[in-house]
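Engineer: Sequence:
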Amino acid sequence: MDLLLPENWTDTKETLLEGMVFNVKYLGMTLVGQPKGEDMAAAAIRRIVATARASAKKFRKVTLTVSPKGIIISDTETNDLIEDVSIYRISYCTTDKTQDKVFAYVSQSQFNETLECHAFLCQKKKIAQAVTLTVAQAFKVALDMWEIAQEDKSKKTRTCYTCSNPESQPESEPNSVSEEEQTRALMEHKLRKPFFPSFLSPSPRSNARRRPIKHDSWDAEDGLDDAFSRLATSRSRTVSEDAALSPAEEDLLSFSSEDSD
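Converting from the sequence shown to the numbering used here requires adding 1272 to each position, the first position being numbered 1.
Mixed in with the good hints, there may be bad ones.
Quick list of the computed label-pair ranges, beta carbon to beta carbon [to be verified]:
no. : residue 1 : residue 2 : range
1   : 1318      : 1354      : 19 to 25 Å
2   : 1425      : 1303      : 36 to 42 Å
3   : 1426      : 1369      : 24 to 30 Å
4   : 1420      : 1349      : 36 to 42 Å
5   : 1355      : 1323      : 15 to 21 Å
6   : 1429      : 1349      : 47 to 53 Å
7   : 1314      : 1290      : 28 to 34 Å
8   : 1330      : 1420      : 19 to 25 Å
9   : 1327      : 1428      : 31 to 37 Å
10  : 1396      : 1306      : 24 to 30 Å
11  : 1425      : 1358      : 38 to 44 Å
12  : 1427      : 1347      : 43 to 49 Å
13  : 1423      : 1396      : 37 to 43 Å
14  : 1319      : 1355      : 15 to 21 Å
20 Å max Cα-Cα, derived EDC-like pairs, lysine to aspartate or glutamate [claimed, not checked]:
no. : residue 1 : residue 2
15  : 1341      : 1310
16  : 1330      : 1310
17  : 1341      : 1419
Hints are computed from structural coordinates only; laboratory data are not their basis. From the three backbone atoms N, C-alpha and C, an ideal C-beta is built for every residue, glycine too.
Model the full assembly from the supplied sequences, consistent with the hints where possible.
Structural biologist: Laid out in structure tokens, this is it:
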């Protein structure tokens, strides 16, 4: 059963374009050999969690700001920028089926061709799922914006050709809509469309330089509608008010699939 986000998930375009904010805790990173895949991600998350369990260090509180430009990771306490990950470097994102409070994404390193899996511990399973869906929606909006830009570029190219060939110009209609208005209307229409998980797969209608974003399946009975409605109530509201978890963080790293919300 496909899970449909509420129509007010993004309050049209403004919420996502300004950036959705999530307070989480950084578990760590591991190198991976594939850009996407459920089994690959699950194995990578297990490695990261095992390392986190063995470490005596306290997890770093970080803030994720998700927008069509990508994910900005900053230190929650100091506001220092940790990394700015372009949306086009992200090849996969997931909420692990077993370790369901963990959100993870795979991206290409900004320094070389290696692929990195980064994992974050969320306060609740619903928050991990919300981050995943937000990244997926951000990718879709970025793709739509890219395609509209390509369409506009193509129209301008055709217009220039027509200008250089006066004989090919059709008679203008007095009430015709300008290309700029058509482009703006198309953009508004795309950004208002409800988001389905099926959009996470790459569209065959475009050859954009992009990678598909995929998330693992989840229960439709998990009360996500209420959670998503709360996320969209304010553009400036932080989704997770407090990233503080249980005092015994090692207990949270038991990652039972049964989430006690």
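Engineer: Which of the stated hints cannot be reconciled with the structure, identified by number in ascending sequence?
Structural biologist: Numbers 3, 8, 9, 11, 15, 16 - these are the hints that the structure violates, sorted from lowest upward.
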